[in-house]
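Trainee: Chains as they are written, first to last, in numbering that gives the first Met the number 0: chain A, 0 to 383; chain B, 0 to 383; chain C, 0 to 383; chain D, 0 to 383.
Bear in mind the hints are in silico, worked out from the structure with no lab data behind them. Everything numeric in this text was worked out from a predicted model, so none of it was measured. Warning: the hint list may mix true and false statements.
The calculated DSS-like cross-link candidates involving lysine-lysine, where the alpha carbons are at most 25 Å apart (straight line), are [to be verified]:
#, chain 1, residue 1, chain 2, residue 2
1, D, Lys231, C, Lys26
2, D, Lys203, D, Lys111
3, C, Lys97, D, Lys231
4, B, Lys111, A, Lys26
5, A, Lys111, A, Lys231
6, C, Lys111, C, Lys49
7, D, Lys97, C, Lys26
8, B, Lys26, A, Lys111
9, B, Lys26, B, Lys111
10, B, Lys97, A, Lys26
11, C, Lys26, D, Lys26
12, C, Lys231, C, Lys203
13, D, Lys111, D, Lys97
14, C, Lys111, C, Lys26
15, B, Lys231, D, Lys231
16, A, Lys231, C, Lys97
17, D, Lys26, C, Lys111
18, C, Lys231, C, Lys111
19, A, Lys97, B, Lys26
20, B, Lys26, A, Lys26
21, B, Lys203, B, Lys231
22, D, Lys203, D, Lys231
There are 4 protein chains.
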Amino acid sequence: MNITDALKRQRIETPSWAYANSGTRFKVFPQEGVPRDPYEKIDDAAQVHKYTGIAPTVALHIPWDRVEDYADLAAYAGERGVALGAVNSNVFQDNDYKLGSVTNPDAGVRRKATDHLLECVDIMDRTGSRDLKLWFSDGTNYPGQDDIRTRQDRLAAALREVYDRLGDDQRMLLEYKLFEPAFYTTDVPDWGTAYAHCLELGPKAQVVIDTGHHAPGTNIEFIVAFLLRAGKLGAFDFNSRFYADDDLMVGAADPFQLFRIMYEIVRGDALRPEAGIAFMLDQCHNIEAKIPAIIRSVLNVQEATAKALLVDRDALRAAQDSGDVLSANAVLMDAYNTDVRPMLADLRTELGLDPDPVAAYHRSGYFDRIRTERVGGEQAGWGA
Amino acid sequence: MNITDALKRQRIETPSWAYANSGTRFKVFPQEGVPRDPYEKIDDAAQVHKYTGIAPTVALHIPWDRVEDYADLAAYAGERGVALGAVNSNVFQDNDYKLGSVTNPDAGVRRKATDHLLECVDIMDRTGSRDLKLWFSDGTNYPGQDDIRTRQDRLAAALREVYDRLGDDQRMLLEYKLFEPAFYTTDVPDWGTAYAHCLELGPKAQVVIDTGHHAPGTNIEFIVAFLLRAGKLGAFDFNSRFYADDDLMVGAADPFQLFRIMYEIVRGDALRPEAGIAFMLDQCHNIEAKIPAIIRSVLNVQEATAKALLVDRDALRAAQDSGDVLSANAVLMDAYNTDVRPMLADLRTELGLDPDPVAAYHRSGYFDRIRTERVGGEQAGWGA
Amino acid sequence: MNITDALKRQRIETPSWAYANSGTRFKVFPQEGVPRDPYEKIDDAAQVHKYTGIAPTVALHIPWDRVEDYADLAAYAGERGVALGAVNSNVFQDNDYKLGSVTNPDAGVRRKATDHLLECVDIMDRTGSRDLKLWFSDGTNYPGQDDIRTRQDRLAAALREVYDRLGDDQRMLLEYKLFEPAFYTTDVPDWGTAYAHCLELGPKAQVVIDTGHHAPGTNIEFIVAFLLRAGKLGAFDFNSRFYADDDLMVGAADPFQLFRIMYEIVRGDALRPEAGIAFMLDQCHNIEAKIPAIIRSVLNVQEATAKALLVDRDALRAAQDSGDVLSANAVLMDAYNTDVRPMLADLRTELGLDPDPVAAYHRSGYFDRIRTERVGGEQAGWGA
Amino acid sequence: MNITDALKRQRIETPSWAYANSGTRFKVFPQEGVPRDPYEKIDDAAQVHKYTGIAPTVALHIPWDRVEDYADLAAYAGERGVALGAVNSNVFQDNDYKLGSVTNPDAGVRRKATDHLLECVDIMDRTGSRDLKLWFSDGTNYPGQDDIRTRQDRLAAALREVYDRLGDDQRMLLEYKLFEPAFYTTDVPDWGTAYAHCLELGPKAQVVIDTGHHAPGTNIEFIVAFLLRAGKLGAFDFNSRFYADDDLMVGAADPFQLFRIMYEIVRGDALRPEAGIAFMLDQCHNIEAKIPAIIRSVLNVQEATAKALLVDRDALRAAQDSGDVLSANAVLMDAYNTDVRPMLADLRTELGLDPDPVAAYHRSGYFDRIRTERVGGEQAGWGA
């Protein structure tokens, strides 16, 4: 397939919660025009798709996006040109989860948490979502606080129960994270742990790579390549970071890293939708305007992808096979150093989109409308 | 001075906010019996001093501990056997501070922030506090967001204004932090920055070392030794961490590191109160009971200090001077490996304290009382 | 089993190369009395066992320890009270390996490297060694230099060939390392990669944890617990580090971490020799005297083990199950804070050893003898 | 000044030792055609300048580049179109320096080390070099090994003696490094330490930033901005790293970081030669061909500089001042995303250079010549 066709078929999912307020433990700064319910989040997500053309689905977060009637929500989305995507469970914000959810020492809490995961599958049945994304904040803060190994047993049991509940076309995507909110152990701290559990569970369990969830110095594209080779890469949560899980706009901190990741995707023939990798954003726009930040993020992934597609793979392989370190590196860098923005502007024009999505959004008057209309009510955030 | 005398004179300040609720950006788990105002925080701090005997002062945080009448608060503290300590400013929780406080691009916001700092000195006049502790969350999240160097100019101007307002017996303690809540640049990210500003300001400006505010791999005891040599170490914010600014109980993550830090203090003759180093805790007890966690923390510092005092410094110097690497290390480790708990239990008994402070606190019934009495009202936390 | 019995049965293997010179890329500082051949290394290792009583085997490194007659070397060791242990392959010091060994783009180099591994199994047949320890320096320095995924295919093929060559009682131990000497990708960078390959290979393939081979912030005891649960932990390479792969004496940088690791070993019932975990040292004594440093290291592991055995596991479980964070932590810390040196001195006396191994070694005059005798010839080092 | 003029005046110094063999502690892989003496290194450096046009000076390393007659060496360089640059001292490769050089516990060793530094100033007098670059490997490997603070006293004394020996037009450039080869403390571990010493010494002492010498997560451009503001930035040692001090080609690991660094240089008006910042490379080409790698590195700095010069600073300031986070970031990214290679090719053509320096070098036949001629003798490396 040529580069243009590949780019036309690229799909990136935006997360409902990124349209809502977020912050750090020190402060959540509210913004004007922030959605107050899942319907308004979908309105915003539709804007991102309208201008980028490649963000047609929205991930939900339960309970933040709990509604009476999911079919109605899905229909609402459809009318706005988008669809509901992955369902994200949340077992970290109830007071009961202070010492963990599915790995809590208390069996009653574990039951409650597992029931929530099962409820999420029920919701998937109604929304038609393919993917259940699982992130567990479970862990401990102090050495000795709980038994590391017993917690793995509890985790395995809960995952098995939920896995067995999945429908034929549903998947479980297991995310890992080094630390935060737990500060000593995390029950799924790294890709190896997620991989081992997914392998034991079966083919419907796949690993999620959140680009901000690694120890300093971790080579993320290696993990991408390894999991693709093993057939166990299910999804990305894209964002970027300078330090920990900063959740900045993807590509903002290290655009070269994003390019290397997307190169492994292209090299593994995993860009096309049929490959089954869900490319999602998972970001917090704490201080910047949310909708344009998400548009920017989608474009950043698209630009990195375009550069990855530009790599002359025959020349690369020839240089690699001959052991010519500098030439091989030069082939890769040649693609990276290319300014792909004119090509992408042309692509958008061809698709009937504005060549400059951010500018088009700003011109549209949408923000003036929502800042005016969305007054009163409670702004959505991580806690609502 | 002998070890016992040195330990008797040791002083550790506990922070009012550690008695209140805290958490991560994901969730603040409320606890029973948490104080609802500064007076109740002082009640709790008095408990810590009652059982440890070495925690006679409480640091305040403005505006969290704003009261009508500071003289009344000081008197209340005095009646409970403790005194008010350092005043901590807070220029990170107002909506205006989204892009910074004293380094904000908006001059009006800078004025407001500086005025808050000056107000803190006014409060110090009333509480009799010696130390104004400054931590700035100021920084940027994205490259280009603001000009790094101009922000230093703004910072220097605000610090100068506040410095000039200090009374003869007052000090400014400047804290540094690598990251969080800012994720790209932080305006005072490391000890070098704090040191440079303090040097320029003058003798009343000193550096604060928060043990959780460094990049991975940073040798904190080196900084302690260096700042002591330069006469610029003003205070510690003690806590511990495995990853980032985890704010766990001091000594919980790496007790050997705490010992090495306290050894530099002993070696630099900086333990005695006249040396002017303020030894403070700054911790978050997100999931553990707060008062016993703070007692535990005070004891951890005390135990590390006792071990540091046990180092045979003559033997150490002899081994160092002869280049005997293993023997020098062995002298240090011999002290570290000593179980100092019996010695400290004896010390407490001698001082009329219970030899086991945590057990004594639990036996006292204090917690049952506060969990019963402190119902209704709003629990104190970082936001209140 | 009681604590004393468990400690009597503990076994730690020392590495032949630690008795030789080592250094950094900046400089190798030679020391007096360093062995000049494998026989002299065994002499030194026998000293370590003589004084500690728990270091009865010596790991070999091929080609550094290549000899004409391995049966003779084994007999020589036996006469000195020690035995030959694991065989460590070396596919990183030949000029051919500049771009990798078993993952090299050149098939001829891959063949040569794999043949070396097979030769190591031949040697194992002769020495009676159970374990083949594999560490690959393979990786790349620059993005694009080689294909990450293809290198995994090459790695898998080589491992399979060697695995199939193993005898019934032989094992393959696969080590991972984050970086160094490769600076962009490493072909086995983390435990997940080693685990995945071992799982695919079969039950004779097991993972090696080198305590210095992780990204900053990695929780090593979690990996220990996880691999024990999965039945895939084969061995340790013990050492310690403040920054990267510093290869300092185990327990020197973070004795509390070593204790937590040994606690997971005890908790997983993996201390006893029948559990099949090989506890090895892998250290570089660049500036300190080598034999006493190795004695010190063996003692450090022993002390950490004794503390781990002292943990009151019933009390710990009770506190964990009741969600009492502080009490659970206190149970663990109580063991850690205990000074186990008197108990271990008694144990040695009971076993007919000197209670102070380092002092006994120094008194023995062994070092004076080797510094006098071992003149001329070429000192052993990493390159010889 | 316009962009083209600024680029024409840019100057980058290459290090003599980068043309020689280097490696890791595991292996130094020799390459064909490597120089065998300082004269041949200058021949190679002249090639880099010949094709890039902006690398007219070569840094020396004493004793690696010790010659009988420095005037002759300078004349030789001049005939080849280059000049001798900074003198780099080396107090880390003599056996006496095992426990340090100027901070060694032994006064005799300190004297020897200081004398070497003074000798380097003598050499500067003869070569006409302006800059003495000081990097100390001094530090300790184990807690307690030596006294942290006393070592600072020794360091200060040696620096003072050397500083006082400097001529009117000579400078001392003090480099810092987090770790390696020392693994516990390093005597000049961070910019703060170097800055504090330089401040005390006086205006002829300036700080060197080696881009590979920081803790993970350190924001290097912040340090650049801070030191420029303080008038204390003297030089760069450019290279790049993924993990520790990897010494890869500058810009290879994180080209965006290099751009941000160069932006602070441009913003601080420090690019022009009169600003007195020495822009040097300090790299190890362990596995790639050395001369083209150095050409590539010079071009990488040039490309990053061109992008930095392209930043629309008026637009940036306007966005910053109005608090428009996304627009300010977009202004910066717009410059970074521009492909400056065509502009630089034009610039070279204008200057009479080949538009593609790497290709021109390869076509020249120089490498074939040196691989043929430079046989026999001993290849230069870090040890010779």
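Trainee: Compare the structure with the hints numbered earlier in the document and write down the numbers of the violated ones, lowest to highest.
Mentor: Going through the list in order, the structure violates hints 1, 3, 5, 6, 9, 14, 16 and 18 and respects the others.
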